Amino acid sequence: MAETRFTVNGDEQIVDMDPTTPLLWVLREQLKLTGTKFGCGIAQCGACTIHLDGTPVRSCSTPLAAADGAELTTIEGVASGDGTHHAVQAAWIEHQVPQCGYCQSGQIMSAVALLRDNPSPTDADIDAAMSGNICRCGAYGRIRAAIKTAARA
Amino acid sequence: MGKWTRRGFIAAGVVSGGVLMVGVGIREGHRAPKLADMMTEDGETLVNVWVKLAPDNTITAIVPHSEMGQGVFTSMTQMLADEMDADWQTVTFEQAPAHEAYANYPLGREFLMGDTKVPGFVQDSLNGGFLRIAQSMGLQITGGSTAVRFTGMGGMRIAGAAAREMIVKAAAKSWDVPARELRTENSYVHHIASGRSEPYASFAEQAGKYSPPTQPTLKTPDQYTLIGKSLPRFDIPAKTDGTAEFGIDVDLPGMKYAAVMGPPVLGAETVAMDATYAQDMPGVIKVLDKGSFVAVVADGYWQAENAIRQLDVTWSETGAESLSQTDVFAQLRAAMADAGDKGKEDVAVGNVHKATDSAARVYEAEYSVPFLAHAAMEPLNATAWVRDGKVDLWSGLQNPLAVRDEIAGATDSKKSDVTVHNVFLGGGFGRRSNPDYPLMAVEIAKEFDHPVKMIWSREQDTQQDWYRPASVSRFRAGLDEEGMPVSWDNLFTQKHDPPEASHIPYKIDNQLIHYAHVDHHVRFGPWRSVDHTQHGFFIESFIDELADQAGMDGYQYRRKLLQHSPRYLAVLDAAAQAANWGRDVPEGRGLGIALVDSFGTVVAQVVEVDVTGPEPKVVHVWCAADPGYAMNPDGFVAQIESGIIYGLTAALYGDITIEDGAVVQSNFHDYPMLRMSEAPEISVEIINSGAKVGGGGEPGTPPIAPALANAVFAATGVRVRSQPIANFQEGLS
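Chains as they are written, first to last, in the working numbering: chain E, 1 to 153; chain D, 154 to 886.
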């Protein structure tokens, strides 16, 4: 075991766990941040997407060691400090995007990263940024519309 | 069975004889002390089982269904609140606990009384003993697109209307005015002439003393204030900030984690297990051989999963070890050959043989579909805590009440000692109607004093499923001089549910629809729209072939055969018009159409496909759907969109194959899903025809595969008779 230090949603964390443990399980079981979801374990579905130093990563396939000294953001940290929804979250509600909702944390994390880097994405940009996130309820059309709404916000 | 009356539906608690407990929409609180204990806080009056009225005038609808993305909490509450003239701003809902009193009584009533068929997979469960019909009508199932059409129409609306009438009656007594002079709005009673207004809660105590009305008056559509509106769903905000609690998110003090592994060849049992290495791995607490599966319990899930992959398990031989995908289809075709002309009869109208023999010509074709897994986003999981003679189970379940009964049976507990806590389902699609996984969690947890959360890997979720069956269907049609069918002879395999899935909407005078069956160890499970998913593809592809044989356009050919049904015609026309059917499309593109009536909702879809790339790409889907009346239009549209993507994923890519008796696919890399870049634009038009209300969750799925296959034919001249359709060109080389 070794201590790993990082921040999650601005809070400092020191974790003493096997550094090969995927971040997903550290977040969910150790830090009780269960908004980040397990879907496939092999970086195929995107349900576990978080930001590591601002970059969207699949936490199921990112070892704890990779977080050493990093700033992590999860779905729980997307809204502003006073609880105001991020523009992406507001657009998700406006377009009534989620159905079962299980994939949506990952979808939102991918969309937030997309819009931060590219404030007015084209359809092709959306395809490229969002095709790593599977939605079995098939909310793709609403996700696309919500991203465009959030881009205008 | 006791005589069923309208009065019984509303007022009776139990049908006599001790055989069946078919429930009621409304009960007086004092007759159901157990319910009162469970659902009411001090000062609340339990007006009926589906609605609570609190002293602060807030109204809570109690919804006996599971939320798996279909917006059921909202649509059910909306239906109740409208009939009750409730203030939507102060209406909330609770999910009913798994208790007999909340069993899906309207569903049971329809089943028992036979005025509408309950989806057959429910019946299967009954026959299979999952539900003890002998003891109680233990239905609390979410599936078969039943929520709105049974619980909503037969339960929530009547409950709301009856509650309102009782409140009005109480107000009339209190104010000493005729009830007909009273108006209700936004959870208030008004007497215009005297200018009096009081909240509903003022009359709750008095209302609770009345027997419920036997036949409360329901609103007509022109009186709706909430039904028919796209009210935002209750559950959506929590699904955008990570706070929505799914089964996998349950957290309990002292909880440990379990990984599981089932036999590669379904049905096998353990013969030996070598855990020498696994049991010393970090965090591992215990390795369990449960016969039908093995488990590792550890401090963390990842530790458990790592360890279980190091177990060396020997599984028993079941005789299925040599079965391959080729064998599966060979068996199906052999069963069809054995059945010959004498498959089990499904539909027999006129004289097919005579009509075929005397037809101008005969046309035949054979279709097939592969096994499919459900692949819900949330891998199966359940958390169990077994201690002090009690069992608690947390999970996302499509039939929590049946699971409670199963657990009671498996642990030799009283039902009252088993508590099932149902939470959000990360997708269900039929998979979460099976009690296998919660029972496994209980089997593991009973070895410990602390709670255990069992999580399936995606690989287990894919390989230990209950599958949409592989099936073959063969058609033989007699055609007249114009190419119109005079006979329809269809022999297919693997009939499950619903029974009418193989029936055709078209008017053909001579029909013989019959089937053969092969028992596989690759076990059957209801998969979104159940048999409609394959029969939609079979029937709507073959009718398209007949159109082509007649030299006619597929849309016009269907129209000719649907003249008896204005409802079908209206839906078909709407989809065709939305798609601007008949227009010229660019080279490499094609339009295809299909129509399927399932779960009481008629759906037509037109697909525009582009075949210029390596795989066919669906550009746009135009859909017209007639559910009779859409309670929450945007919610209904979302369900149809979802059904289309789910069905399109299966049609393009879905292919569970069997080698050496085992499922080959394991995760999304080899069981691919449709993604954003492949998702078509979808346009949905709702037709509120006023027909009996149909379902929303499933009817979007069946037409998409044949509409796509027909579009591929239009674009390429290649007829696709098997799935997955993404591979259609492989068959050409």
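Among the clues, some could well be false.
[What the hints assert, rightly or not] Straight-line alpha carbon distances no greater than 30 Å define the calculated DSS-like cross-link-like pairs of lysine-lysine that follow:
#1 LYS148/E / LYS770/D
#2 LYS507/D / LYS497/D
#3 LYS382/D / LYS322/D
#4 LYS599/D / LYS660/D
#5 LYS372/D / LYS362/D
#6 LYS32/E / LYS372/D
#7 LYS660/D / LYS32/E
#8 LYS439/D / LYS599/D
#9 LYS148/E / LYS439/D
#10 LYS497/D / LYS322/D
#11 LYS507/D / LYS543/D
#12 LYS568/D / LYS443/D
#13 LYS443/D / LYS322/D
#14 LYS507/D / LYS322/D
#15 LYS362/D / LYS32/E
Keep in mind that the hints were calculated from the coordinates and are not lab data. Keep in mind that this is a model prediction, so the values were computed, not measured.
Tell me, in ascending order, the numbers of any earlier hints that this structure violates. 4, 6, 7, 9, 10, 11, 13, 14 and 15
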